[in-house]
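**Student:** For reference, the chains in residue letters:
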Amino acid sequence: MREVAVVSTAHSAVAATTETPIETLIPVIDAALVAAGLERRQVDFWCHGSCDYLVGQPFSFVSAVDALGAWPPIVESHVEMDGAWALYEAWLKIQTGEADTAVIFGNGKSSVANMFRVMALQLDPYVEAPLGPDQIALAGLQARVALDAGVITERDMAEVAARSRRDAVGNPAALVSGEVSVDDLLAGDKVRDPLRHHDIPVMGDGVTAVVIAADDAARSLTARPAWIRAIDHRIDAQRIGGRDLIGVPSAVAAAARCGLGAGRIDVAEIHAPFTHEELLVTRALGLDAGATRINPSGGALVSNVLMAAGLARIARAAESILDGSADRVLGHATQGPCLQQNLVCVMEGACWVPCVVPSSVSARPTTRVAGQTCPSPVWCGRLPIGRLRMRA
Amino acid sequence: MSNEAEDVLRIRTPIGVEYAWSAGTRSSAYLNGLLEGKLLGKRCPSCSRVYFPPRNGNCPMCGVLLGDDDVEVGPNGTVTTFCVVNVPFLGQKITPPYVAATILLDGADIGMQHLLQEVDAADVRMGMRVEPVWAPRDNWGPTMENITHFRPSGEPDVDYSDYAGQL
Chain A
23 MREVAVVSTA HSAVAATTET PIETLIPVID AALVAAGLER RQVDFWCHGS
73 CDYLVGQPFS FVSAVDALGA WPPIVESHVE MDGAWALYEA WLKIQTGEAD
123 TAVIFGNGKS SVANMFRVMA LQLDPYVEAP LGPDQIALAG LQARVALDAG
173 VITERDMAEV AARSRRDAVG NPAALVSGEV SVDDLLAGDK VRDPLRHHDI
223 PVMGDGVTAV VIAADDAARS LTARPAWIRA IDHRIDAQRI GGRDLIGVPS
273 AVAAAARCGL GAGRIDVAEI HAPFTHEELL VTRALGLDAG ATRINPSGGA
323 LVSNVLMAAG LARIARAAES ILDGSADRVL GHATQGPCLQ QNLVCVMEGA
373 CWVPCVVPSS VSARPTTRVA GQTCPSPVWC GRLPIGRLRM RA
Chain B
-5 MSNEAEDVLR IRTPIGVEYA WSAGTRSSAY LNGLLEGKLL GKRCPSCSRV
45 YFPPRNGNCP MCGVLLGDDD VEVGPNGTVT TFCVVNVPFL GQKITPPYVA
95 ATILLDGADI GMQHLLQEVD AADVRMGMRV EPVWAPRDNW GPTMENITHF
145 RPSGEPDVDY SDYAGQL
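So the protein lines, in turn, are chains A and B.
The numbering of the first sequence is the numbering used here, which starts it at 23 and goes up by one.
The numbering of the second sequence is the numbering used here, which starts it at -5 and goes up by one.
Since the hints were made in silico from the structure, they are not lab data.
Mixed in with the good hints, there may be bad ones.
[Said to hold, decoys possible] Stretch by stretch, here's where chain A covers chain B in the computed footprint (C-beta under 8 Å, at least three residues):
#, region
1, 11 to 25
2, 45 to 52
3, 55 to 66
[Said to hold, decoys possible] To list a few chain A residues with every Cβ distance to chain B over 10 Å, as calculated:
#, residue
4, Arg166
5, Val191
6, Asp205
7, Asp206
8, Leu208
9, Gly210
10, Ala252
11, Arg315
Idealized CB from N, CA, C, for every residue including glycine.
Start from the sequences and build out the full structure, keeping to the hints where you can.
**Tutor:** Below you can see the structure in the form of structure tokens.
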């Protein structure tokens, strides 16, 4: 496996814009490239996540290539999904050896239609879609199952909302933020019983862009890359009535494939547009909310840019590695109604190659060498930290 | 098990979604220009090409946003290539044969599609100079249909080498 890391990120989100998707895309892609110190012609692979249903226009994603400067021709791909899955494809592309650097972007313009209605069109067209549920009603079904099973409470859900809005203060991409009491939230009306306003995401128009790079390219682009140590995605059955809505088996499976059990997770960014979804995913991933900081960005609840919000979770988690505030983080993304499909991405600040404590260093070294300490709890967190031998 | 009911071979499940589509900042300038009978493009700050219409608001060659300033182009232009439509099809509004042309408006670097009329299809040629024919002003909207068609302007033909870079 090649070492692949997130080296830079950029975001935009507003409640509604009259720009074209391309006009919104270009400054964000530029910002991610500038942060990485890359020129467009140095990008080996571009991968885009979006959904034509959002625009109501078949093949609308093709025009996004216009944002990239595709002459002379570039290597480019698209997934009809959240940008998190575009990141998965780009990671695979780098693993093949055909690319060393990639730009991934997810974008959505939620303001052009009732997206809760639009997103429900992904239901099977014969049995479920004709019933006309919207995405909030579907989420309500799942929340009801979990509430009645005693797995979560309405207070738990309100606490997720209060914490998310509090954490969103200072996040320029957040569309709602501030202090609010759980009791006040619980006093609110129900929009789709059992969901209240605070359980439902604030929709946005925007973009998330991420630059990833392999091996020495990553090391040359940033001081502390967020190395992707594991990434996996799994899917549950399509029919809402045909799967375990509480256990979220696809999230459990993806987490197991990523070896999530091994070691501490400092920060987890969970893609949960609805409050109960955060609780269910946290449970499925086996995260300890006491040891792991959940959604310090405020999450998709405060800024739900469709097709970007999942990639944004990976980006936000990576940012806490890039800025040195965390050592091992998790980004999660979901697609489909009621957490149908789940992607887990584990990133670390430590290099892929296990650090080696040279034999000349005593068991308990007295000095740390700046820039050469390995913070990974998996590889050497419990070892005395000494001089590290990084791959040249 | 009785199976007297006939198989269901077809169902109808009408679903509608309404979208409020916006043209974008730069294309809006172009569309508002048409309301005043002006043909407004935008210039790429990187390669200096003038786009008319400014489409998504960017230069796809360079991957940068087009400049904010309007660049008035035309109204006359040059036929860079054309196609004679001979075959009738469903929804056709004009009786064949007629000519669909790519017209490079003066000052623009990207050709636009429009109808060419008031000329025999056999007389149309690359390099031919054309002028717009506007619909009555009362019928104008933010649409290129304000120009019903182009017709020969009578100016001398343009040499191929003058538009070879804009084909």
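**Student:** All the hints need checking, so say for each whether the structure fits it.
**Tutor:** Going down the list of hints, with the structure as the test:
Evaluation of the coverage hint for the region 11 to 25 of chain B: fulfilled, as 12 residues show C-beta separations to chain A shorter than 8 Å, against a requirement of three. Given a C-beta distance limit of less than 8 Å, the hint that chain A covers the region 45 to 52 of chain B holds, as 4 residues qualify and 3 suffice. Residues of the region 55 to 66 of chain B lying with their CB closer than 8 Å to a CB of chain A number 5, which satisfies the three-residue condition for coverage. Non-interface status of arginine 166/A relative to chain B is upheld: no Cβ of that chain comes within 10 Å, the nearest being about 25 Å off.
Its beta-carbon lying about 30 Å from the closest one in chain B, valine 191/A satisfies the requirement of being farther than 10 Å from that chain. No beta-carbon of chain B is positioned within 10 Å of the beta-carbon of aspartate 205/A; the least distance is around 37 Å. With a least CB separation of 33 Å from chain B, aspartate 206/A remains clear of the 10 Å interface cut-off, as annotated. Every C-beta of chain B lies more than 10 Å from that of leucine 208/A, the closest at about 33 Å, which supports listing it as non-interface.
For glycine 210/A, the shortest C-beta to C-beta distance to chain B comes to about 28 Å, beyond the 10 Å cut-off, and the non-interface label holds. The Cβ of alanine 252/A sits about 33 Å from the closest Cβ of chain B, beyond the 10 Å cut-off, so the non-interface label holds. Look at arginine 315/A: its CB is around 37 Å from the nearest CB on chain B, clear of 10 Å, so calling it non-interface holds up.
In this structure, none of the earlier numbered hints is contradicted; all agree with it.
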